[in-house]
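K.L.:
Residue numbers (numbering that gives the first Met the number 0), protein chains in the order written: chain U, 0 to 205; chain G, 0 to 83.
To be clear, the hints were calculated from the coordinates, so they are not data collected in a lab.
All residues carry an ideal CB built from backbone N, CA and C; glycine is no exception.
Hints should not be assumed to be uniformly reliable.
What the hints assert, rightly or not - To give an idea of the interface, some chain G residues facing chain U are shown, with a C-beta separation under 7 Å as derived from the structure:
id, residue
1, Lys-18
2, Asp-19
3, Ile-41
What follows is each chain in one-letter form.
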Amino acid sequence: MNIRVTHWVKIRNHTIIKDTQKVFESLEVPFSQFADRLYQEMEIGYPKFHKMDNLSKLGFLCAEILLKNNTLEIQKDPFKTGIILCNRNSSLDTDKKYFNMVRTGIASPAVFVYSLPNIVIGEICIRHGIKGENSFFIADRYNIPSQVDYINNLFELGVFNACIGGWVELIDENYEAFLYLAVNNVNEGLSLSHIPETIKKLYHNE
Amino acid sequence: MTELKQNLKRQIVEQLNLKDIKPEDIGDDQPLFVEGLGLDSIDALELIVLLQQHYGIKLARAEEGPTVFRSVNSMADYITANKK
Numbered sequence: 000m001n002i003r004v005t006h007w008v009k010i011r012n013h014t015i016i017k018d019t020q021k022v023f024e025s026l027e028v029p030f031s032q033f034a035d036r037l038y039q040e041m042e043i044g045y046p047k048f049h050k051m052d053n054l055s056k057l058g059f060l061c062a063e064i065l066l067k068n069n070t071l072e073i074q075k076d077p078f079k080t081g082i083i084l085c086n087r088n089s090s091l092d093t094d095k096k097y098f099n100m101v102r103t104g105i106a107s108p109a110v111f112v113y114s115l116p117n118i119v120i121g122e123i124c125i126r127h128g129i130k131g132e133n134s135f136f137i138a139d140r141y142n143i144p145s146q147v148d149y150i151n152n153l154f155e156l157g158v159f160n161a162c163i164g165g166w167v168e169l170i171d172e173n174y175e176a177f178l179y180l181a182v183n184n185v186n187e188g189l190s191l192s193h194i195p196e197t198i199k200k201l202y203h204n205e
Numbered sequence: 000m001t002e003l004k005q006n007l008k009r010q011i012v013e014q015l016n017l018k019d020i021k022p023e024d025i026g027d028d029q030p031l032f033v034e035g036l037g038l039d040s041i042d043a044l045e046l047i048v049l050l051q052q053h054y055g056i057k058l059a060r061a062e063e064g065p066t067v068f069r070s071v072n073s074m075a076d077y078i079t080a081n082k083k
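With the hints as extra help, turn the sequences into a complete structure.
P.N.:
Structural data, given as structure tokens:
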């Protein structure tokens, strides 16, 4: 196996970095405004975006940047392209919103459907035609060795030819997304070895 | 009736977060689902909530949904016939 990280994107502190390059920066504004500005700037034209909860918007936008001009590996075999994500607060941001709706009036079905963290994976899959295995793990911190090991095992088993891994966390106005694309046996993009040390460096240092 | 339809269009846009559509863009007899506005099953549930929240109407039978929510016209007819 020769699993390589070809591209990565990080959204943190109103700034977006892709492969070490700053690609977007916004003034300090609420997340909803930040997301709307980015959506307009990228000219995405996907009306369903406006119906998503904030966690899904965060993951969706991060994936848009990650996969821009870079969907070849998914197109080769969508059933062998997967997504493995994790975060700390699950879908608590939307859970609280839904809970308050239930307490005070009629609850919205459109809010209820986002009261699971793996919905963000579903939104990315629908948008990009990804049909392979996916999982969303909840943990107190981003356990990079565990995630890398899990993804590599699925490559070894022949389940994946490509996989999006990372961390998508949002609670109230605190948000952070980090996604990377790992592909088997390619020599394109950054072509970094898919080992914990690589992902740690990209996530913590860049 | 015209005022009811205008209100309905505004409420549909707000309730369903149709940010790319203006109320005046929705035709009175334009289909709301599939080839029309392209609404989906979750939107259908939101329309049921809309009827309850704004007009105090509970959809008695689920099988009526496709007829009631076919267009703004059909929704307005249903509201007029069932509003208490």
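K.L.:
Where does the structure disagree with the numbered hints, that is, which hint numbers, in rising order?
P.N.:
The structure conflicts with no hint, since it agrees with every one listed earlier.
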